[in-house]
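Chemist: Spelled out, the chains give:
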Amino acid sequence: MKIALSATGKNNTDMVDQRFGRAAFFVVYDTETDSFTAFDNEQNLNAAQGAGIQSAQNVVKTGAETVITGHTGPKAFKVLEAAGVLIYLAPSVSLSEAIEKFKKGELTKIDNADVEGHWV
Amino acid sequence: MKIAVASGKGGTGKTTISIALAESAPCEVFLLDCDVEEPNSGLFLYKDTGEKKEVSVLIPKVDESLCTACGVCSAFCQFNALACVGKYALVFPELCHSCGGCAIVCPVKAITEVPSVIGEKTVYSVQRKDKSPLHFIEGRLSIGKAMSPPLIRSVKKEAEDTIQNDPSLKNSITIIDCPPGTSCPMGTAVSGCDFTVLVTEPTPFGLHDLKIAVETVRKMSIPFGIIINRSTAGDDRVVRYCEKEGIKILLQVPEDMRIAQGYSRGMSLISSVPEYEKEFQSVLAYIASSVPAKEGL
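These protein sequence lines map, in sequence, to chains A and B. First residue of the first sequence: 1047, per our numbering; consecutive thereafter. First residue of the second sequence: 28, per our numbering; consecutive thereafter.
Next up, chain B with everything else stripped away, as it sits in the complex (with noise of 0.2 Å):
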């Protein structure tokens, strides 16, 4: 089962959340840490060194001696990652889609595919109290680039192999910490998952963002529940917007300062309240119960 924890508006607890549901997960759980352009639920686990892998995307290489810019690659190309000027044709890696379409249609196969790397990411095991450890993944795009989709879709298939290969994890549950927004990277993120939560908080920046998140998963036909967090900071307009829409709120988490100063030490949620454990162990059980077909627990 494939829980996405994602949010219209940025800094509202998706990775606290979603650390939360992993630490409270009383079975075999993936955490994977897929808001690539910053990392940070590793930040809160107890992590071992871990194994690096890299992430390529292919882009186009020209070969200026066969190339004859006669145009047809640039014309193909619906990103503007080629320009035909002169005797060859250009390439704007940073822009490339890597669809791989400029290489099919160049009539003197000028053009090869090479990897570039983007990004990289990292399998760790987390241990966990009383309970099996914590399977993390943690993608990172490096510095400068930009298309963070593949990325996020490689850290999402690092997890699938895995738990594919080893029938012992069948019955796992992965928490997938999203990016913020509602663009193709959430997008990226979300897709496939049996459920969504998404998390917000009760002022008006929370629901104006939450809504957009919310067509976004009613569009891609994932059902989801909302987690409100810092409930207790604002007023009831998040409450009064679920209750019109015939949402369910799975779980509010009231403003807490021992969360806070947990927080600001590097603890996680659970460590720092270890009663909302059950609160936590409770959604996931709900959110098992309404996904239909899938093994549960």
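Pulled out of the complex, with its shape left as it was, chain A reads as follows (with noise of 0.2 Å):
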């Protein structure tokens, strides 16, 4: 199974990103070979208007049936909902640390988007 995971950076050392559409990375986390795959997000980063759509569109490309991030506005939700994709709520800690914690169960997962648009 793939989760790809909203991140500040390329790295397992980097942090969770807490914003999902304009977060700077996307690492994709493949749980049968152990491997990370970073994707830079930085069009989105920087779009006018759509980056959740956009982020949410190229995470669902990646393969990935989960998404662990900080959290998930509206527009992001509906893309990932209709995709099937789980999302899952992290803290800001590293990317390694929030896979663990995914691991045992202890991240949150949400059924509707828990923050409005442009909420930062």
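Since the hints were derived computationally from the structure, they do not count as laboratory data. Any given hint could be a false lead.
Derived coverage of chain A by chain B (criterion: at least 3 residues anywhere in the stretch with Cβ under 8 Å from a Cβ of chain B; other residues may be distant) [claimed, not checked]:
(1) 1084-1097
(2) 1114-1125
(3) 1136-1142
Among the chain B residues that face chain A by a calculated CB cut under 8 Å, a handful are [said to hold, decoys possible]:
(4) CYS97
(5) SER101
(6) PHE106
(7) ASN107
(8) ALA108
(9) ALA110
(10) VAL112
(11) GLY113
(12) LEU117
(13) PHE119
(14) LEU122
These numbers were taken from a predicted model, which means no experiment stands behind them. For every residue, glycine included, the Cβ atom is placed at its ideal position computed from N, Cα and C.
Combine both chains into one complex, guided by the hints.
Modeler: Below you can see the structure in the form of structure tokens.
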């Protein structure tokens, strides 16, 4: 299974970016191979509008079935939900810590957007 | 002749000045409230009941039985208003700029454009003392809608069509009360005007935002001049700036208790202090003389 994490950097020691649509990077963790692949999200970070929608679409394209992020706004949530992607919220911890917490079942799954758009 | 009344900073007196110009004009005059997110010119005018029309834009509608979620539309959309995941494309109407491109590029013709109401425009007639009635058109954006430029264009077109279809309005003046700032709504309101009046106040904020507005109208190649409102309330920084830049100061309206008292009772500047009418007529005469190759007043 692939898990996409919004990230402040490319490495598993970097933090979970608390923003989804305007996260600096997305890092996809593959549970089967225990490997990390990073995707630059700069285009959406600087998008005039629709960053959440576009980021969600890109995450779906990576084949990820689960997202771990800080917060998710309504439009990103709508796209992820339509694609059947599960969303878990993590505090500002490193990516490897977030994955550990996810495996132990310590992260909260959300069934609705947890923030308004443009919440930061 | 079309005159835009704009400013960088909000709250400098665009509406006050727009109404004063419209009430003073010694000819047929249109006043357009293009500050559609918060139209307030109408508060100061004794209007009739008016004639209301809905204003719509076209947004995509996806036929879910035809859509293959191929992603061509969402890749084309520059505004991220479409997302293709799952079985069919999702539409986010609030981000759509109504370009219609998605319907053209869709390979299976699953997208049609349908109207979506964004606001309304109302055409009023307002009596003026000893003058022809004022043609007043107000644009009002619906609550929750964000796309004001199409509504602003629609309000301007309403006036243009009326003028075109009535030869007696050929020499009329159109005054446009613009939205504040210098982003798309302001640009849309100012675009195509023969002259822009920039209203400012003699304060650090007033000057800061005035400079941005000046850069904007210069880039749009629209002749402009400045009215300093509440000119005695601050210092001479705006005057010094205009002298340095060679910008015409059309009028200075001093801080005047009579104007403030009238305003608080919903009275226009001219109704509160009638002697200002001549000053505003001079401003209009100056603008008419400085606008090349157009019918004058």
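Chemist: For each hint, tell me whether it holds in the structure or not.
Modeler: Going down the list of hints, with the structure as the test:
no.	hint	verdict
1	1084-1097	holds (count 5)
2	1114-1125	holds (count 3)
3	1136-1142	violated (count 0)
4	CYS97	13 Å, violated
5	SER101	7 Å, holds
6	PHE106	6 Å, holds
7	ASN107	2 Å, holds
8	ALA108	7 Å, holds
9	ALA110	5 Å, holds
10	VAL112	4 Å, holds
11	GLY113	4 Å, holds
12	LEU117	6 Å, holds
13	PHE119	6 Å, holds
14	LEU122	5 Å, holds
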